[in-house]
Structure formats: C-alpha cells, structure tokens
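Visitor: All chains should be modelled from the sequences, with the hints used to inform the complete structure.
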Amino acid sequence: MLVTGGAGFIGSELIRYLIHKTNDCVVNLDKLMYAGNTNALQSVENNTRYCFIQADICDRAVLDNIFKEHQPDAVMHLAAESHVDRSIDGPAAFIQTNIIGTFTLLEVVRHYWAQLESEKKKRFRFHHVSTDEVYGDLDELSAPFTEASNFAPSSPYSASKASSDHLVRAWHRTYGLPILISQCANNYGPYQFPEKLIPLMVSNALEGKRLPIYGNGLQRRDWLFVNDHVQALYCILIRGQVGETYNIGGEAEKSNIELVSIICEILEQLVSNKPKGVKCYRDLICHVDDRAGHDSRYAIDITKIKKELNWAPLTDFDSGILSTVKWYVDNPNWCHTRVQSHSAIEAMHQASTKQVAI
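336 is the number that this note's numbering gives to position 336 of the sequence shown; each next residue is one higher, with no gaps.
Source of the hints: derived by calculation from the structure; they are not laboratory data. Here the structure is a predicted model, which means the values were calculated and not measured. Where hints are given, some of them may not hold.
[Stated by the list, open to error] Straight-line Cα separation of at most 25 Å, DSS-like style, residue types lysine-lysine; simulated pairs:
(1) K31 / K68
(2) K254 / K304
(3) K196 / K326
(4) K68 / K120
(5) K120 / K209
(6) K209 / K68
(7) K68 / K121
(8) K21 / K120
(9) K304 / K196
Guide: Here it is in structure tokens:
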C-alpha cells in the first residue's frame with residue numbers, strides 16, 4: 001500500500017490503522033511540509049511492514065523509483081494542501097500540489113499499472129481522497145449533497161480539489177485506470193494541526209486567548225471522527241466498485257458557534273484551573289470579519305456507502321468531541337511544539353510557493 005500524505009492528520013491515522021488492524025505493508029510518501037509530522041507515527045515507525053519516504057508527489061523521477069522498488073498493489077492518495085484560509089492568501093501552492101501533484105502521480109500510476117501482469121493489474125486500485133467542499137455550499141433547508149451533485153467549489157482550495165477529482169475520473173474514463181474517489185466531511189480527532197478549528201480553540205482557551213469566530217458563526221459543517229473516516233477509506237478500497245465515488249460523513253451537523261460553545265463546556269468540566277482573568281471559557285468567544293467566499297453549510301448524504309458497503313460512523317459526536325478535547329488537554333505540547341516549529345517550515349513553504357509562482 002502506498003499512502004501519499006501519510007504524515008498528515010488523516011494520513012497518519014490511516015497508517016496507524018493499516019499497521020495495527022490489517023496485515024498490509026505500507027509505504028508512506030510525504031513531503032513533510034508544515035502540517036506533516038512523523039511524531040504521530042511513532043507507534044509504527046519501527047514496524048517491519050512500514051516504510052517512510054520523504055518526497056514531493058510532483059517529483060516524477062522519485063515517484064518512478066518508488067513504484068519500481070516497492071511495486072504497490074494500491075495507492076491511497078491523501079497528499080494535499082487543505083486549509084481554506086491559506087488557499088485564499090496563497091493559492092499557488094494549492095494549484096501545484098493538488099492539481100499538478102495529482103496529475104504527476106496519475107501519470108506514474110498509469111504507466112506502472114499498464115505493465116503489471118494480469119492478476120496484479122486486475123487487483124490494483126487508486127483511491128483518491130477528496131472533500132465535500134467540492135460541492136460548494138447549501139442553504140439551511142436544502143437536502144444534503146449526494147455523489148451525483150454538481151461541483152460548485154467556492155475557494156481556491158476546493159477548486160483545486162475539484163480539479164484533481166476531474167483528473168482522476170478522466171484517467172479512469174480515458175485510460176481505464178481502476179480508481180475510487182471518496183468525499184469526506186470535516187474531520188476531527190487527535191494529532192490535528194493546531195491551525196484547524198478544534199485544536200486551535202482548545203489551545204487558545206487553555207492560554208486565555210480569544211476564540212475567534214468568523215462572521216455570525218452560523219456556518220454549519222458535518223463532523224466526522226477521523227478513525228471512522230479511515231475505516232471507511234479502507235472499506236472503500238477493499239469493497240468499493242471501480243469508478244465510483246462515495247460520500248463519507250459523520251451525520252453530525254453543527255454550527256461553528258455551537259461547536260465552539262460545546263468545546264468551552266467540555267473545558268469547564270475538564271480544566272478547573274483557568275488562565276488568569278478568565279471566569280468562563282465562553283467569555284473568550286469573539287466574532288471577527290467573515291472570510292472571503294465563506295460557505296454557509298456543508299452536508300452530505302451517506303446513503304450510498306451505507307447500503308452498498310455496509311459502512312456507517314461508529315463514533316457519536318458527543319463521545320468523539322469529548323475524547324478529542326481531552327486528548328488536546330492531556331497533550332498540550334502537541335500544539336506548542338507544532339506552533340514553535342511552524343515558523344521555520346513556513347519560511348520554506350513560502351519560498352517554494354514563490355518559486356512556483358515564478
């Protein structure tokens with residue numbers, strides 16, 4: 001199994017699942033930019049079935065060598081730039097990684113797959129992991145998106161992911177490449193990069209900092225526990241029908257202001273020793289100017305994966321968010337060390353972005 005982006009939040013959870021719960025051998029390909037962290041893989045790094053390679057999916061020569069040496073039976077493609085705010089500030093990196101990187105990987109996979117012997121060629125799968133944001137947004141009364149919904153991405157991030165989805169489908173239609181695509185809801189759980197909403201709110205609250213909410217905070221998202229997500233990914237890989245797309249959701253819609261309020265309530269239960277000057281964690285909530293092109297609501301229908309693959313989320317939101325907040329409370333160094341190491345890596349990221357723009 002070749003997993004791209006395996007040092008990221010979802011990728012590392014997937015690799016821990018593959019090593020601990022299956023007999024698969026895993027090659028982890030990750031560039032290790034700002035959101036990648038091998039610390040989340042300490043439990044598997046010495047396993048004989050695990051191999052890590054630091055490389056860029058845009059590097060054709062490196063990819064060719066990896067496929068020649070390891071000859072994977074499947075690819076699970078998670079490598080992506082994934083933060084909407086960053087895509088607004090600097091879209092070039094998203095075009096490079098999400099579109100050019102996916103194209104480069106598809107070309108290497110196409111040539112590799114074409115020369116496989118018949119049985120291995122028949123078994124091979126390319127699973128492209130995408131996002132529900134490619135569908136755009138919904139109003140409050142609209143039915144959730146299905147796999148047949150049209151794409152209407154709003155941000156440079158979601159547009160780049162929609163572009164990569166189109167590439168994957170085209171390589172299936174034109175070349176016959178055996179692909180699978182999944183569109184997931186917002187993920188949450190341990191080991192997430194601290195710029196994301198839940199770890200950011202927990203970290204800020206514990207330090208007595210403001211908890212900024214975009215606009216009125218009524219934007220709604222479906223929340224999916226990350227371990228449920230990776231089990232769905234494996235289920236799709238093993239049992240999914242070639243050429244099909246599957247929505248993966250948690251069936252747990254929450255508004256942003258509701259979610260942050262829940263986090264504050266959990267912190268009241270878990271952490272009595274508040275920062276100086278803080279009487280109630282909710283007092284730290286503040287509203288800031290809304291971001292450009294902010295989608296109002298994401299919701300996806302997961303009927304297809306339930307009926308066809310017999311998958312459904314196992315973690316209810318209340319227990320999932322409680323365990324997640326507790327993990328960040330119990331592991332304060334995760335956010336601190338990630339933020340401290342961020343500056344140097346961010347400088348590298350900006351330099352590479354400038355090179356792309358040139």
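Visitor: Each hint should be assessed against the structure and marked as holding or not.
Guide: Here's how the hints hold up against the structure:
{"no.": "1", "hint": "K31 / K68", "verdict": "19 Å, holds"}
{"no.": "2", "hint": "K254 / K304", "verdict": "22 Å, holds"}
{"no.": "3", "hint": "K196 / K326", "verdict": "16 Å, holds"}
{"no.": "4", "hint": "K68 / K120", "verdict": "14 Å, holds"}
{"no.": "5", "hint": "K120 / K209", "verdict": "54 Å, violated"}
{"no.": "6", "hint": "K209 / K68", "verdict": "50 Å, violated"}
{"no.": "7", "hint": "K68 / K121", "verdict": "15 Å, holds"}
{"no.": "8", "hint": "K21 / K120", "verdict": "23 Å, holds"}
{"no.": "9", "hint": "K304 / K196", "verdict": "29 Å, violated"}
Checked against the numbered hints listed earlier, the structure breaks hints 5, 6 and 9; every other hint is satisfied.
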